[in-house]
Structures are given as C-alpha cells and as structure tokens.
Amino acid sequence: MTLKVTDLAIARGGVPVLEGLSFSLEAGNALILRGPNGIGKTTLLRTLAGLQPPLVGQIEGAEDQIAYASHSDGLKPTLTVVENLNFWASVFGTRDIQHALDAFALNELADRHAGNLSAGQKRRLGLARMLVTGRPIWMLDEPTVSLDRHAVEMFADAVRAHLGQGGSALIATHIDLGLDGEVLDVGPNKAKPKPFDDFDGGFL
Amino acid sequence: MIALLLRDLKLAFRAGSGFGLGLAFFLIVTVLVPFSVGPQSSLLSTIAPGVLWLGALLACLLSLDRLLALDWEDGSLDLLATAPLPLESVVTIKALAHWLTTGLPLVLAAPFLGVLLNLPVPGFSWLVISLLLGTPAMSVIGTFGAALTVGLKRGGLLLSLLVLPLYVPTLIFGAEVARRGATGMETQTPLLMLAGITAATVALLPFASAAVLRINLR
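Chains as they are written, first to last, in the UniProt record's numbering: chain A, 1 to 204; chain B, 1 to 218.
Next comes chain B alone, as it looks inside the complex (with noise of 0.2 Å):
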C-alpha cells in the first residue's frame, strides 16, 4: 500500500502529470473574481468564502479524471486488481493521493489567495479548518466516479455530472462554516455537519469504488 501511495506521488511530481494544474486553477479564479466583480471590498469580502470554496471544488474536479484512467490505459489497473492488495485499499491509496497532490496544495493557498478576495481576518483560520476538513471527501467522492467512468472514452464529461451533485452537501456546509467565520458568527452546526459528511464518505465510498471497479474491469 505504501509503495502505491509513494509510486502515485512520485508520477504527480514528474513531468507531464498535471500537478499543479488544480492550484493554476484556482490561482487564476480567484484572481480574476475581483475583476469581474469589481473592486469594492466590502462586496469583495461578502462573497469571498464562497467564491474560495467554489473555486477550490472545481479545482479539485479538473484533475479527477485522470484519477484512474492512467493506470486503466496503461493496463496497470488490471494487474493491479490481481495482486495481493484489495481493490479497496486501491482506491482508498488512490484518493489519499489525489487529496495529497491537489486537495492538500489547495488548502494551503487558501489564506494567500483570501487576501486577493479580501477575507475577513476571523475568516482565514475557518477557512482553511472547513477545506481542511471538506478536500479529503472531494477526493473519495471524485474517485467514486472516476471508478464508476473508468473504462469510458472521454468519460470526462460524465464524471464531471456524476460528482457534481455528490458535491453539494459538501459545498454548502464548508462554505458555510467558511462564511460564518469570516461574519464572526457560530459555525459549529455546519461544521459538524461537514465533518459528517466527510467521515461518511471516507468510510463507505471506498467500498462501493471497489465493486463498481471490480465491475468496470470485467
């Protein structure tokens, strides 16, 4: 399981991975939102743990499809389907790499591209504590539907319409911890609910990953 964790991350770091595109991404939303909203900081400030949030899951959606299709294409995933490891472990590897590469880049740029957005000072720390807890499920989740397409041509598009509902829940609790901590207001009911979801997921998704994989492979 390790030297599958320390393969993935030694590919994201290689040249012609991808890495760093989610963080491009979300660099440039974040830049650019000031610009078409106009700079006036108190609205600035309004939409900002929203527009951050936002800007974070979409990140995280451009780099799901190659979640599993590299090693589908490659015939890797069939062997490993076949070797000592369980698929559920597979996938289990598979998404703490995805969160490691992309998931955990974003939570860290976070509070840098807050201050673009004029963030609240209270905001920050939230922030980053929602993403923090609300990326890692957006990996499960993502991998639940690169599982689900693998196998597809340009199953991209699919992938995109399949996750982004199982997103939801996900998106309004983080982003509403994230907007009631920049308001100073209380946020420990969405962030329990967020916490929820994200343990919900990490615990049940990575089984149904592996039988729909054990499927797709047939």
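If we strip away everything but chain A, and leave its shape as in the complex, we get (with noise of 0.2 Å):
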C-alpha cells in the first residue's frame, strides 16, 4: 500500500503554507516530517486523512488507509480505558484490544476512567487507539508529547513492529525517535506569497 503525494499545495485559513510538495510513503517504511513551528505539518497531516481538501495537487492510495492521531487523543474522561478502546476499536470494524493494551502497558490501568489518568497516560492510551483502527498508514501529529524516555521506546516499538507488518507510518516529531525512517523537511516547501497581478493593481 503506497501513499503517494504529487506537487500537493494547502493552505490553513485560507493561506497557503505549503506547496510543490511530492513525495511517497512505501509500504514498511516510515516518513519523519520536520519543519519549524507554524510551517504546516499538521495541514499537511489533516489534509491527508482527509479532513480538508487539498488547494492543489493529487493524493493517491489514502482513501480509507489511514489512521489519524491529531494532538488531542479523542478520549472521553467518564468512560474507562477499556471502554475507550472497545469504542474504536467497534467504530473500525475490529475487536481485539488486547495487544494494544499489552503494547503501550495499558492493562493495570484497564478499569481507570480516562478522566483520572495522567497527560502521559492519557496519551498512551491515544496512542493505543492507533493499533485497534487495523489502518496501514498512520499519520501521528507530535506523537511523543507529555511521554516520558521509556514510553517513548514503548511507542518507537509498537512503529517497528508496524512498520513490520507491512505498515507505515508518517510521523511529525521533533525529537529521535531511534526509528530507521527518511526525515521529510517541508522547511523549503514554504509556500511563497502570491506576487500582485492586474486584479490587484487595478484595486491598489
């Protein structure tokens, strides 16, 4: 399952950040998105999980295949981890949540109301809801934050063991992940403000 990217531009509220972007996301393979603040990377992520339309360019092979983590976990703080996980996990045509659980060390905080659980743990659990989806292609937006050095591992694993199953993973982070992926700088991609034409001229 290749995700493929051609001369893609997008904008967010209506300014154009990026555009000439191309690229492809092989099956097994990881992408680590870098980019300074404020460049665009979670556009370009929202843009290909589908939930805005890109302004230019072509998306190919991502209908239905991806996984989206934004920066907020999508938990509901009176339902239980469990619960949490069973949601998505129904919402997504799958049912096994045992192995996320195992893979993120969920299981002793199975029965907690998501409400109780720390940033990080919450964030574990967001991250767990990745594995129930059953989707090839995740897209994690600043998947790390609020996790500590040995969630981090916990999380470069379960992308390894992804990656390994024949998935892939586009990952916008700022740290090392220890993951053996292509780094994607979209710093020169910038989208350069559109010089004046005559419409602008004849209303200056």
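One or more hints might be untrue.
Unchecked claim - Heads up, incomplete: computed chain A residues facing chain B, CB under 10 Å, no partners named:
{"hint": "1", "residue": "G50"}
{"hint": "2", "residue": "S72"}
{"hint": "3", "residue": "L75"}
{"hint": "4", "residue": "T78"}
{"hint": "5", "residue": "H113"}
{"hint": "6", "residue": "F196"}
Source of the hints: derived by calculation from the structure; they are not laboratory data. Ideal placement from N, C-alpha and C gives every residue a C-beta, glycine not left out.
Taking the hints as your guide, dock the two standalone chains into a single complex.
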C-alpha cells in the first residue's frame, strides 16, 4: 500500500502554507516529518487524512487507509480505558484490543476512567487507539508529547512492529525516535507570497 | 454505528453529562406556570397544551450546545470523520442519541405534567402523540444547528438564534394537535403537517448537517 503525493499545495485558514510537495510512502517505511513551528505539518497531516481538501495536487492511496492521531486523543473522560478502546475498535470494525493494551502497558489501568489518567497515560491510550484501527498508514502528529523516555521507547517499538507487518507511518516530531526512516523536511516547501497580478493592481 | 449510539447513551448516563437537565427544566416550567397565571382551572386547561409544548421545546434547546461540542473539544469528532463511518450516519446517530436521552423522556413525562396544568382528559393521548412525532424533528434540527456552530467558542447563543425559527413550524402544528385534541376537535390536518415536517427534516437535514460539519472541521 503506497501513499503517493504529487505537487501538493495546502492552506490553513485560507492562507497557503506549503506548496510543491511531492513524496511517496512505501509499505514498511516510516517518514519523519520535520519543519519549524507553523510551517504546516499539522495541516499536511489533516489534508492527507481527508479532513480538508488540498489547494492543488494529487493524493493517491490514502482513501480508507489512514489512521490519524491528532494533538488531542479523542478520549471520553467518563469512560474507562477499555471502554474507550473498545469503542474505537468497533468503529473501525476490529475486535481485539488486548494487543493494544499490551503494547502500551495499559493493562494495569484498564478499568480506570480516562479522566483520571495522567497526561502521559492519556497519550499512551491515544496511541494505543492506532493499533485497534487496523489501518495500514499511520499519521501521527507530535505523538511523543508528554511521554516519558520509557513510553517513547514503547511507542517506537509499536511503530517498528507496525512497519514490520507491512504498515507505514508518517510522523511529525521534533525528537529522535531511533527509527530508521527517511526525513521529510518541509521547510523548503514553504508557500511563497503571491506576486501582485493585474486584479490587485487595479484594486490598489 | 451501534457502537457510537451505545457510547453516546453510556456517556449520557454517566456523571457530569447533564442528562436530566432538560427534564428538570420542563418540570420547573410546568410547575411554575400555575403560580404565575393563577389557579383558575379553566384558564389552565386552555393554555395547558401550548405551555407543555413550549416547555418541551425549550427543554430540548437547552441540551443542544453540548451535542457535538464535546466531541469536537476532545478531538473525537476529527477522529470520527476519518473513521469508516460516513459523517451522515454520525450526525444521524448523534441526533438519535439526543432524542433518546432528551426527547423521549420529555414525551414520557408530559402526561404527568399535564395533570398539574389540568389538561382535559382527551388531550393526554394527543399530547403524547404530537410530542412523539414532533421531538425527533427538534433533535434533527438541533443537530444541524450544532453542526453549524461547532468550533465556535460560546456558540450556544448563536445556536439558539439559528435553531429557534426552524423550530417554529413544529411548534405551531404540534401545539395545534395537542390543543385540538384537548378540545375534542378534528386533529388530522395539523397532525399530518407535523408528521410531514418531521419526515422531511429526518430525511434531508442529516445530509446538510454532514456537509456543514465537513466545512467546519477544515
């Protein structure tokens, strides 16, 4: 399952942020997305996940293949850890959540309400959700925020296992995860301001 | 889809969900009306159908701003939009869950509150029938309003202003059914209009709600 992006331009709030972006993500590979704050990494991930349309360009192989993890984890504080995971599993039509609990060491917390978890534990639960989606392409937006070093290792192991099973991942992060993935620096693709055209000239 | 419905119902019955807020409001309004308009039973039985309908409508309105806002705040709306469920079914399920937790309790409570307002005996069945037909439209229209205002800080006021005019046809015909039923008149015409409005909103508005939600999630 290959994700192929050709000559993509995207906008945030109507303002173009990235342009001329082309890359492909093969099965079994990880792509580390880097770039300064505000460059449009989140916007790129949201566009690929299908939450907003691109300005121009093609995205191939994304339909119904992507599991997206945003800055927020989408957890319900009054449901328990298991209930939260079970809900997402049944939305995505999968059943087994045990491997997700194991991968992020959530077994001890299984019956706790998500509202009583610490920030790092919530994040682990949010990442465990990726495992129950059963989708091959992971889009992760700053996945390691509020994780301790041990949990970052857990996360890197989960990504490695996912890649080993023929999945792929696009990860926006500022830290070194120890994954052997290519780095995609979107800095040079920053959208340039549009030059004045006749319409602007007439207006001015 | 069933999972989403079950989750929403479960969330509604857990602490801090605001379940019962609409029901409590309905109770308070109908209990206070006799104090404000006076205890003449003839006057009360004249206004009872209208007051009960208005109370149910406002009670419905109270809980709308949490309908999609909570899912938007914790990010699960984004995640649901990228899930295999079409957004049309997500908003339909949301509206159904809202009706089951808000509309249906109001329908069930209305006859008991009718006693407090001296509702004439033939009016009880018509009140329940009209509310049963009308409240689904209120949930569906409310979901549309919630989809329009999702992502706005303090969108509750705007939501009420947008939704109230859309509630007016349902209110007119619903209250008319209850009023005519209570006075022993023919109810067929307003009943058909009420059912027609509900059928049209249930058929059309989920598509509109899903479309505005897609735009609002960008």
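Evaluated hints:
1. Taken as an interface hint, G50 of chain A checks out: its beta carbon lies about 6 Å from the nearest beta carbon of chain B, inside 10 Å.
2. Contact between S72 of chain A and chain B, as hinted, is supported at the beta carbon level, the nearest pair being about 3 Å apart and thus within 10 Å.
3. Interface restraint check: L75 of chain A against chain B, minimum CB-CB distance 6 Å, threshold 10 Å, status holds.
4. Against a cut-off of 10 Å between C-beta atoms, the interface hint on T78 of chain A holds, since the closest Cβ of chain B lies about 4 Å away.
5. Checking H113 of chain A against chain B by beta carbon gives a least distance of about 9 Å; that is within 10 Å, so the hint holds.
6. At its closest, the beta carbon of F196 of chain A sits 27 Å from a beta carbon of chain B; the interface hint therefore is violated under the 10 Å criterion.
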